[in-house]
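Using the sequences and the hints given, assemble the complete structure.
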Amino acid sequence: MTRIEYKEIGETLYSAQLPNGLELRVIPKKDFSTFYAVFATNYGGACRRFQVDGEDRDTPAGVAHYLEHKMFDLPGGDSALNILSANGADPNAFTSSGITCYYFQCTEGFEENLRMLLHFVSTPYFTDETVAKEQGIISQEIRMGEDNPGLAVYYHLLKLLYAHHPIRDRVAGTVESIREITAQTLYDCHRVFYAPSNMALCVEGDVDPDEIARIVTEALPPERAPIPKADFGEREGLLPVQAFQSEEMEVSAPQFLIGLKLPEGLRGEEALRLRLTATLTMRMLCGSSSPFFTRLYAEGLLNTDFDYEVDAAADTLTVIVGGESREPETVLARFRDACARAAAEGFEASYFERAKRASLGARLRGLEDFDNVCVSLVSGVFDGFCALDAFRLLAELEAGDCRRFAEEYLRPERMALSVITPKKAQV
Amino acid sequence: MEYSRAELMPGVYLSHLRCDKFKTACLSVTLLTQLRRETASMNALIPSVLRRGTARYGDLEQLAARLDELYGAAIEPVVRRVGEIHCVGFFASFAESACLPGGEELLTPVCELLAEMLLAPNTRGGLLLPQYVDSEKEKLLDVIRGRVNDKRSYAVQRCLEEMCCCEDYAVSRFGDEASCEAIHYKKLTRHYRELLRTCPMEFFYCGQAPLRRVKQALRDALSGLPRGELDLDIGTDLRMNALEEQPRYVEERLDVTQGKLVLGFRLGECMEDPDLAALYVFNAVFGSGPTSKLFLNVREKLSLCYYAGSILVIRKGLLLVSSGVAFENFGAARDEILAQLEAIRNGEITDEEMEWARRGVASDLRAMLDSPGELEGFWLAQALDGLDYGPEALAELVGEVTKEQVVAVAKSVVCDLIYFLRGREDGEAKEDEADDEN
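In the order they appear, the protein sequences are chains A and B. End of the first sequence sits at 427 in my numbering; the numbers just go up one at a time, nothing left out. End of the second sequence sits at 438 in my numbering; the numbers just go up one at a time, nothing left out.
Simulated from the structure, these hints should not be mistaken for laboratory data.
List of simulated lysine-lysine pairs, DSS-like, C-alpha gap at most 25 angstroms:
(1) 30(A) / 7(A)
(2) 30(A) / 21(B)
(3) 215(B) / 21(B)
(4) 159(A) / 229(A)
(5) 139(B) / 424(A)
(6) 423(A) / 139(B)
(7) 133(A) / 301(B)
(8) 186(B) / 139(B)
(9) 7(A) / 21(B)
(10) 301(B) / 403(B)
(11) 423(A) / 159(A)
(12) 187(B) / 139(B)
Here it is as structure tokens:
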């Protein structure tokens, strides 16, 4: 395996691409009791259309997530979730728009647990009965999501921003769409997207990287399958479809999100650099020490739950800002002003340096979290970069980069606002 | 990892965990006071008001700039309750010098800033600034009112409120709307000064600095702390029995598409001499994690819900089971949850289930050793109970828990209240849930 030392942060990363195409990453951690492994496929809720055997396939919303639930079933009726838990591990999985991750954390029996992870994720076993049975559980999960104002405001925003990209739709699908899913749908999608060539594995803990590589090679099929490509439709422009939407729900105060699209389909270091530039610019514009935030907070227009993020999923990159406010429209207007000022005047050198320092501290804090580190690494693999390079690239950023970013992307006509307001006339 | 404890000043203690493996150190301060309806909101409000500005860094912008200079050090208000002890203070985390480009040492400046927030807020005429108090009060009111936004935690809180209606525990850590609305800056200043003078205080540090250095840095920073007669009369009212002979039932209607069922239990007589290890293992057998009876039966076998899990509130002697179910499955889910508890009482636990539970709990405890935030919570609770063993020692004890001990806990548990959050007009079941079990 290739060994790269990240001296400035005291980490060492081992990387390899195995002959079957699997991308493997290992970070050895001495002195820690915890072991963590994530096995991920570059397949998520938005990957609904794709080609298989030269034929176009269109699958219902919610397949990737449904598959995630059913992957834990093993032939013979056992559940990998139970086996791993019974062995003292803490297993789980999640599906986002772009990827599906299976992971566990444990403090003993790591290699055995790792073999189980590799085994169950690469062993599809579905019957029409088990697939039908899961509908009850997933329907309740979907219902739970429907009552969640945070998800509602988020998906409304994506629908304002994106005209047709499938990240508009809920990852779990709808109670209706998942009824179309059969065992065969799941087998087909597993065959296409769960080949090692479309997957990545990342391990962190007190392990020997070569030993991990040996276990993985042994456990997975040796063939190198072609890498599938999901079809997200034509690239969308940077303008939103619509600028505003509002819905009433059972909430105590308005919840809002402001969103902006960034260019789709970027890969490699260029993608990482744009994300870092976007994140640092947003920190300076509306982070907890920005004049924008501190003033709106003092005026009672924002709370501590106000936050920003640069969200990457399924080829898209979206800047999202929001929280709770009595006056979301005023917040949007003030945010626009802050962006316009940044685009026109840029950022003071001392302010920029301070923000960089704070960003370094926050990123160091992020390194304590094994799941955060490992999931960023596998996501980075699918987008063609190494997440740990963020520290080096961050140090290279200059104030001018952030000003140019504000000028080029944070334009008022590109912003959309999604709001959830309290129901009127409640008992 | 090496744990030690020291008294810094009268009633001010430091729990020190020497640990070289993290890139970020943490330091917390917690004022301990009794949870009461009349004062809960004031207690909860104090750290947020103090966080608005200090004598030296007068407003949020200056304070934030200072934190940025300290490589994004974070100092955040923390409000929690451990049993009926109201714990308010700050949690700070900051980079270890080894990871910083210039090797800067942040312990001393962070201790200074933390102490300044605690002891030297921005005041006028000795009073907290009314605009800060009013603005934070509005935000706290938003939080109190906002609890309805997350239906899952809302249902759990409502169940606790109803179950403990005659106890202080009915008061949330943020207090209630009415007492929060009544807060006035002069009164709050008095209350703040009183807390500073009389509250026992717990500091917790986890990082690379040796005890001697942390003690010194804190003693220097706290030199202005006024200490009066300490209020040591704090503690939790543990009730072993249900309020009525049959479990009470409380139903509430909101505009939701999924029902939330919460069953509230008293842990009962086993709380006379609580055995933490046995309680944790019982909880794992019953309802915590994928090998638990609730997960395997209510979710996996009967597909009644997406989640069904149990939560221990050991310091108040409570157990809660929380589940999201379709409205029409309320009865089936409730019966199955109670049936699983009954099964444990009857000793229907396989050796495997025992082993899974012990392993799961021990593993969670050992994993805690890698998380400064969780260690902080663990050691605070230990300090309050006067205990000095760590997660590893507890994990050892967990390994020895027997089936009989688990059965004994289950027999001790008493159902006190069942809470159900349902839709405004359910009854017209959603068309799709009827065929779930096909």
